[in-house]
Every structure is written in C-alpha cells, then in structure tokens.
Amino acid sequence: MQMDNFRNERDQYFKEIDNLNHPNETLVKTHCSYCAMQCGMNLRVKTKTNKIIGVEPRYDWPVTLGKMCPKGVTAYQQVNNKDRLLKPLIRDDQSLKGTTNGFREASWDEAYDLIVKKFTELQENYGKDSLSVYSGVSMTNEKCYLTGKFARVGLQTRYIDYNGRFCMASAAGGLNRSLGIDRGSTIPWTDIQDTDCIFLAGSNTAECHPTMMFRVWAIQERGGYVIVADPRETPVARRADLHLDLRPGTDLALANGIVNLLIQKGHIDEEFIKNHSNGFEDTKELVKQFTPEYTSAITGVAPEKIIRAAEIYGKAPNAIVMFARGIEQQIKGVDNVSGYTNMALVTGKIGRAKSGVATITGQGNGQGGREHGQKADALPGYRKIANPDHVKYISKVWGIEPEEMPKEGVSAFEMFGLMEQKTIRALYLLCSNPAVSAPDQNYVREQLKNLDFMVCVDFFLSESAEFADVVLPTTTWAEDEGTTTNVEGRIIKINQAQMPLGESKPDWQIQVELTERMGRGKYFSHLKTSEDIFNELRVASKGGTADYYGVTWEKIDKQDGVFWPCKDENDPGTPRLFLDKKFNHPDGRAKIFALPYRPSAEEPDEEYPLRLTTGRVVYHYLSGNQTRRIQFLRDMCPEPFVEVHPETAAKYNIDHEELVRLYTRRGETTYQVKITEAIRKDTVFVPYHWGHEKSINLLTIGALDPYSRMPEFKTCAAQIEKLKIKKVQ
Amino acid sequence: MKKRLYLELENCIGCRSCLAACTQCGGHEERNRNYVYDVNPLVNRQTMPLMCLHCVNPACARSCPAQAIQIHETGAVLSALVEKCIGCQNCTIACPYGIPKFDTEQNLMYKCDLCIDRSKDGIPPMCASVCPTNTLQWLTDEEIEAKQKQFNLDNGKWVTSMPYLEGETNVRVNLPGILQGVTKLF
Ligand code: SF4
Ligand code: SF4
Ligand code: SF4
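Going line by line, the protein sequences match chains P and Z. Just so you know, we're using our numbering here: the first sequence kicks off at 9 and counts up by one. Just so you know, we're using our numbering here: the second sequence kicks off at 236 and counts up by one.
Any given hint could turn out to be false.
As the list claims (entries may be wrong) - Looking from chain Z toward chain P, a few residues come up when the C-beta cut is under 7 angstroms (computed):
#1 R251
#2 I358
#3 T418
#4 L420
Keep in mind the hints are simulated off the structure, nothing from the lab. Yeah, the Cβ is synthetic: ideal placement off N, Cα and C, and Gly gets one too.
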C-alpha cells in the first residue's frame, strides 16, 4: 500500500471545526486518562506558568470528534489536585498498616535505599521469587512494557501480574481461543454506525463507554437494530429494539440458545463454515439442547425474545457482536466470549467492514497493556513464557541468557494466596488499587497486611497505599508522554502538557533508577526517554502476534493512530482484521466452540436468595481513586447504593433511600436503597468504585475462571436485611 | 453560516457531560447553567436535558426591570449583566422552563449564554461539543431540515418549537419519539 498519504478513515461525522484559543494559553493534543475509548482532548495550559487549567474538545480526533463523558471533561482536575502526593512517604511503624497514619515524607534517596535494602534482604533469605509486582493498564505501553522487564530482569522474580485479570483477561482468552488473536475489535469504531444490527452483551455502554453511543443510536436512526443482553435495563437497553433481561451468570445459555436458532432457521453461512472454521458439527450437536424454552428456563428471558433476537441478528446483512465485563467477569467468562463469538462465526459475519466481533475494553490501555509482558505467562508482542523460542527471542532483546528468564508466575488474585502462604513476601504495586478492586476484600486486605514489605506507586494515597511501607509519588498521565492502544486496537499518542508536579516521577523513570541501585542498571540505563522505551518495545514485539515494529510516534501522528499488527515502515497498519478470511490459528481457520453450560460458582439458595451483581456508574472510573477526588463527579454520585426492584423491596418491606444491610457468605455492608423497575426482581446491583467499609467487594466472591483466572464479580448469592434505623433526612 | 443548537431528546443517557462541560466555558465561573432531568427515576433510566431555548421573544428579558438580560445579535439570550442585575429574580419566575439560576451570595442571576465567546464565531458551545449521544448538536438550518426529512416528520410534529413550546425559540427541539417514523431496514 502507498504509505505516503495514508490516513485512517474519517467518517460522515467528521467536521473541520476551529478550537477556541484563549490568549496566553497553549493547547496540547492528547487523549483522556480513563477508559479505552481514549477520547481525544486538548489540555489548556497556561503558557507562562506551565499549569494545566482546563480542557478544550478535540474535534479533529476521528473516533470521538470532541465528545467526552463527564469523567473526561474533568480529567485534568487530577493533575493539580490538592491530594497529589508530592514526595516519597515512608512508614516505620508496621502496626499502622491499613490506615492512613504514620507516614512521613522522605527523600527519593532514602526511599530507594530502604526499598533496595528490604528487597535484597528478602531475596537473600527467601529466594528471588519472594518479591512480586502487581501492575495495571491505565498507563502507557512504554510503562506496561518496562514493568514486565523490570520484574523479570530488574527484580528477577517470576511473580508479576496485573489488574487486567479483573478487566480483559476473559476476553483475551476467548478471542485467542476462537480467532487465534486477541485484538479486542476486528473492526474500527468508525464502522459501528453503518452496521445493521449491534448485539451488545453485558455492556452498560451508555455509562461505561458513553462516547460510542452516538454511533449506536445512529444504527437505529438508519432503521437498524440494537439488541442488549443485560440483567438491568441500562440507558442503552432502555432504547434498544430488544432487551434480553437475563439472570446474571447465564450468558452461555443465551449464546447457545441463539446459535441453535441461527442454525435451525438457516441463517448460517455454509461456505464460511466449510472453508474458514472448525468445530461446527460438534457445536451444532451441543446447542440442539438449547431450545428457546430450555434457554428461557436457565436465563429467565422469554422464549419469544430469544427467537426474535436470533431472527434479527440472522437476517441482518451486516452485524456486530460486542461484549464487555458483564459476560467476562464470570467463572465461565472465556466460554461466554467464545459462545457469543460463535454467533458471528456460524453466520460468517466477520472479516469484513461493518461486521465483526469486539470486546469493549475497559481500562485506557487495557489492550496494549496486556500485549507486552505484564501478564504472568506472557512476554512482549503477545509471546508466551512457555514457548522456548519466544523466551530465546526476548532474552536476546533484553540482553540476558534464556536460562535467566523467570518462569511463569500466577494470576493477580492468586498472588494473594501466595502472600498468605508467605511464598510472596514483598509487593511492588503500581497503577492499581486492589484494596478496592479485588473480590473478597476481607481476605485480600488481610494478605496485604501480612506482607513483610510493600511499596505502592501512585499519585494519590489510594486505599491500597494504606497498606504500604513506602509510597512513591508518580506522575499523572498529562505529565508524561507515550502511547496507548485504544478499544479498537489503534495505537495513539499521549502528550505531556505539564512538568511533573512536586517531586513526582513517571513510573518508567522510577523503575530505571531502582534497577540501577539494585545492580541491574546495565539492562535499563540506556532508556533515557519514553520514546527510547517505545523503540525497544517495537523490537521486542517484532514478529509476535501484536507486532508494533512498524509503528513510530511520527506515524501515529500522521495517520491518526496506527492499528496493529504493523510489521514494518511501509505498513500503514491493519484497521480491519481477517479481510482475507485467514484467522490466526496455525491452519488459518477460526474455531467454533461447543460449550456445555455450567452454573455460577454460587447460585442463590434459601439463605441467600438474591443474585448480587456489581458494575459501574458513568461518573466514576475503576476503584474511584481518581474520580472520587473530583468535585463535579463526587457531587453527581457521592456514595454507592443498592438497586432493588420495587416488588423485591416490598417483600423486604424496604423503601427508596432507606439504609439496609446487604450481606453474603464473605462480608456485609450497609447501603442506601435505590428503587427502580429497571432491574430484575431476583437481582440487586451495587457499583464498586468505593473503598473501606463501603466496598461492595467485601461481598463478592473470589471464584476464578479456569482459563483466564478472572474472578466472578458479576454474580454471587446475597441477602438483604431491613435495619431498624431509617436514614436521617 | 448560522448554526443553531438542536436537541434530540430521545438520545439522552443522563451522563451530565453537558453540565460538566458547561463549567469549562471561559465565562462560566465553573458553574453549570442548565439541567438534566430524571424523567421517571423509580421506573426507568430516561433522562432529558433542560436547556435554555434562547427564545426569540424571551420572557426572562421582558420581565427584567433593569434590562440586565441582553440579547446578542446571534439571538443568544445572555446571562445577566453583573452591573445591572438587581437580584429581583423576576426572570427565574418568568421563564416558562425555569432556566435562570440564582446565586444568593452574589445576588446575581446566571444562565446559559450559549458559550457566547465560542458560538459568536461559529464554534459549538461546550455542551454540544461533548454530548456523547448527539442529544445536543450544533447544526445549520439545512442540516436541521435534512433531519426533518430523514425522520419522515410531517408538519413539524417532531422537530418543533411551535406549537408545543410557549413561543418561538432559536434552539430547535426534537421531542422524544423520533424513532417512530423510522422504517426498519428489514
Ligand atoms: S472516560 Fe472514556 S468515554 Fe469518558 S471521556 Fe474518558 S475516554 Fe472518553
Ligand atoms: S451530555 Fe448529552 S447525553 Fe449526557 S446528559 Fe447531557 S444531553 Fe444527555
Ligand atoms: S428559555 Fe427561559 S431563560 Fe432561556 S431565553 Fe427563554 S425565557 Fe429566557
């Protein structure tokens, strides 16, 4: 392809619009710090003082055209927030762990010296693997890549994993298994409005990825269909043509039921099945059992609705299946992903424009961050530690012997188990807040307390930082530069708008300085800028599935981002996957999976008759560590609540806004009741963005998907108790 | 080319990004000037923005004894002039939609001015710039007409100022129900 003038598509919504330029201000083009929509924005910077003071829409970003949700609009208020950590903190009194007390300010040198001393002591006494790194993907590719190398080469431990286990791990597992590649979307987002049917499963799209909503509504305005499968009538379900109001945890039955109907009613693409897939006959046999009535009995969705959904999806000339955490955060998350992907495979609605499959990635860099070696079993470029050739290649890039490469570690939640057993004795935590986001909090907080030594790197004193011995102040996204890979698989550029506040430093710089002090500097000292790291990442990913070798920062700028794979300088990238119907399994075929249904880890019973499901509100991001500190967002949603159907509320004799005790086998807490008909009668919902005693994760279950090790946040058995006291008005 | 604020109420998801963005407009002192309303909160999640409609003959301005509410040449009905507003709150009562807000500390009315420092030069107001659902759009009259045709809307039944509103407005409103006229593709 001719590279010189290539630019990714701009669609019918693109308009040339000027920005408002205030005098004495500079606009810095970048993207939002939060979700994987990675909305384009301009940060307004006071030129003289180099202070970020506001936001201006970025009309020329082709994916979001200036649109932002309220988190994005106020994101800049993190940067100079009064809660920013400006100096390293040390706490000498370990008995104060789990509180905000006892921290004193220290110099970087003192903090580094203490960390090196503790890490070295522990490794001498208990072996290299007594250290662990727990990371996240709300940061740039450069940082995610370096963190994997930091753990394995710098600290020489096998124990590294990341919060994607609570986010994208099931999608990754399912897509790899079905399609042989885990790029979250097979199509660019600029295709969405032109499809004829979108099937959204387990996605509260309007609240979690609001800026794709104008494209979703446009489908209906053209006469196409929106189908939503969700236990709640979310804002997108409210206007959907069809709302499949299933019981939490029963997605696999629904997917099988629809695939069965697609086959029975002749909506399949025989040519595609024959030439480009495996596994159809087994699947056909297995799904036979899932008649509309049988599916309805498991899912609670009326048989007519299931039939209608299959009819619409089957008849649609083009259709997109999309899913999110609702189907993925289950002990059968990987199966759910493959199950819904089967819909596209049996009908051949994949591998062309306006048709395909996508997971709607959660965290800002949930895509890129899982590709370059922060995962317990993975190395850069989506390589595997279990594969000796992969280890050989990466060892060469890193300048170590293959024998020195640590073996596979364990998943994020399983690391807490190793802390309990004292296999892991120290933790280096960054870009994550497991003291809010992990399930079964009573257990998790106990394990954090149990550590011999803990370092937390953050720009705010998060709930998790309360367990640390040393807290290192890092920068916010706007004080560093680098790349992220958005929901589409498009690599984009984050730009620096302000110098680091106080003494804060970007994560990559902290890691380079620490390894130098640990005597491992020769592997890191050459990395002087974020771009140096990106260029090493390019080489490390070269030839891997997620190949970034042909991506440069300059190309990103020129083309409005680059879709991976992008193999060399002349490759403009790959906006649409499988256009040649070649899938990434060795035989070039996709796999249609026969997936037997299994129940959730904890089904309701007499003692705990309700299904508890958890999720998000539009005003907060992940553990809320960032968004709870922003006035507008806090004003809009200051507290968690429990959503209850009015009939269920009547049974418990509870009223709107009354305080109730909500409890499961693992924990309890009190919440204000929000009565709404927009939820199933057998289900209650609580958003998870709060910590301490308000955390719904005190109640959730640590049961894991066998493949992805993703916890089952989306369903467990719960009970409500009416309290004697009413809320004081 | 004159552009107008155009509302398609059916699209709203209640994210209140319009309100967050309103605080970001240079002249807005970080206070938001409009409303997003939960239509029936105990029943469903329907929401609607309640914006100043920039009436052609604005009741707020007419009711003001101090001529504090000016009308810009673009038709935008501006926020009260600090030096003129006497804090009588007539406007808050006169407006048929309850739009003007009142700051008791400053004894001053404040309202949507369509981000006049932007819209006077054709730059969309902040709310319409960020609205993730296209509930709020900034369109030319031709584009609004095209919408009317696209949705097969007879006699101004859905794209409307009159007769459903109190008087003619510069902002065009598309009431919920927009999809009723859409023919399905299959
Ligand atoms: S949180 Fe997501 S949808 Fe909202 S502005 Fe940021 S990137 Fe866009
Ligand atoms: S920004 Fe748009 S969708 Fe969000 S509340 Fe305002 S009008 Fe509704
Ligand atoms: S809607 Fe109310 S505040 Fe706006 S111009 Fe009309 S009368 Fe004035």
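Quiz prompt | Hint check against the structure, violated hint numbers in rising order | solution = Every hint satisfied by this model.
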